[in-house]
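*Asks:* Sequence:
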Amino acid sequence: MTTPIAIRHYTAAHAPALRPLLLDVHTEVYADAARTDPFASPDRFAEGLDHWTARPGWTCAIGYDGDQPVGYAYGAPLPPRSRWWDGLLTDVPASTIAETGTRTYALSELMVREPWRKTGTARRLHDSLLTHRPEQRATLLVDQNHPKVHALYQSWGWTILGDLRPNLPDAPIFHAMLLDLPLEAGGTGR
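Position 76 of the sequence shown, counting from 1, maps to 66 under the working numbering, and the rest follow consecutively.
Everything labelled a hint here was simulated from the structure, so no lab data went into it. All residues carry an ideal CB built from backbone N, CA and C; glycine is no exception. Each hint should be verified, as a subset may be incorrect.
[What the hints assert, rightly or not] The calculated label-pair distances, taken between Cβ atoms and stated as ranges, are:
#1 R71 <-> R25: 18 to 24 Å
#2 L79 <-> H41: 20 to 26 Å
#3 P(-6) <-> E174: 19 to 25 Å
#4 A36 <-> S85: 33 to 39 Å
#5 T86 <-> D14: 17 to 23 Å
#6 P172 <-> T26: 35 to 41 Å
#7 H4 <-> D153: 32 to 38 Å
#8 T92 <-> R25: 37 to 43 Å
#9 D76 <-> L11: 26 to 32 Å
#10 S85 <-> G56: 43 to 49 Å
#11 Q144 <-> A23: 19 to 25 Å
#12 H136 <-> T17: 17 to 23 Å
[Stated by the list, open to error] Using 20 Å as the maximum straight-line C-alpha spacing, the simulated SDA-like pairs for lysine to any residue come out as follows:
#13 K108 <-> W42
#14 K138 <-> P105
#15 K138 <-> R103
#16 K108 <-> K138
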């Protein structure tokens, strides 16, 4: 079942006006985790949000139920010599992580508020953000302590590249995942 969610698209030009909404949704979604995990704190998220919205090519898809924001997804293309792959704990060929500025879109955040979970909203936000991207592939990081999220992404066609621990205080170990673009109908890559 899917809910009648309208998805609107934004760019970095909209980021200052969107910032309070993005912070509010994050604070709500991560309220429990932020109590025990400094990596999930609103202040840490605000720093990351400001970093991401300053990146060239940042885009965001926000779902609305009427005027109520239900969740969002955002990211940006990885620049040449990207630091995204710093902290990769798995040996992979250098060519696999060589970035050109147009090769890989990094999906940084995807979150849905509780009342709209398990309604297909996360998938719709994901697909809406990634469909029509010009890059060859997308990447994201999934905390290894969240196997249900990991399984969800795998069911959408994502594959594990390897383990990665970002060079950030309190960062967990993530699975770095890849998805071929462009998305076809149904969300799978080419």
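*Asks:* Work down the list of hints and note, for each, if the structure agrees.
*Replies:* Checked hints:
1. R71 <-> R25: 18 to 24 Å: 37 Å, violated
2. L79 <-> H41: 20 to 26 Å: 22 Å, holds
3. P(-6) <-> E174: 19 to 25 Å: 24 Å Cβ-Cβ, so the 19 to 25 Å window holds.
4. A36 <-> S85: 33 to 39 Å: Holds - the Cβ-Cβ distance for A36 and S85, about 35 Å, lies within 33 to 39 Å.
5. T86 <-> D14: 17 to 23 Å: 37 Å, violated
6. P172 <-> T26: 35 to 41 Å: At 39 Å between Cβs, range holds.
7. H4 <-> D153: 32 to 38 Å: Distance hint for H4, D153 holds at roughly 34 Å.
8. T92 <-> R25: 37 to 43 Å: Since the Cβ atoms of T92 and R25 sit about 40 Å apart, the hinted range of 37 to 43 Å holds.
9. D76 <-> L11: 26 to 32 Å: Distance hint for D76, L11 holds at roughly 30 Å.
10. S85 <-> G56: 43 to 49 Å: Roughly 47 Å apart at Cβ, these two residues keep to the hinted range, so it holds.
11. Q144 <-> A23: 19 to 25 Å: With Cβ atoms ~22 Å apart, the hint holds.
12. H136 <-> T17: 17 to 23 Å: 19 Å, holds
13. K108 <-> W42: 27 Å, violated
14. K138 <-> P105: 18 Å, holds
15. K138 <-> R103: 17 Å, holds
16. K108 <-> K138: Judged against 20 Å, a Cα distance of about 12 Å means the pair holds.
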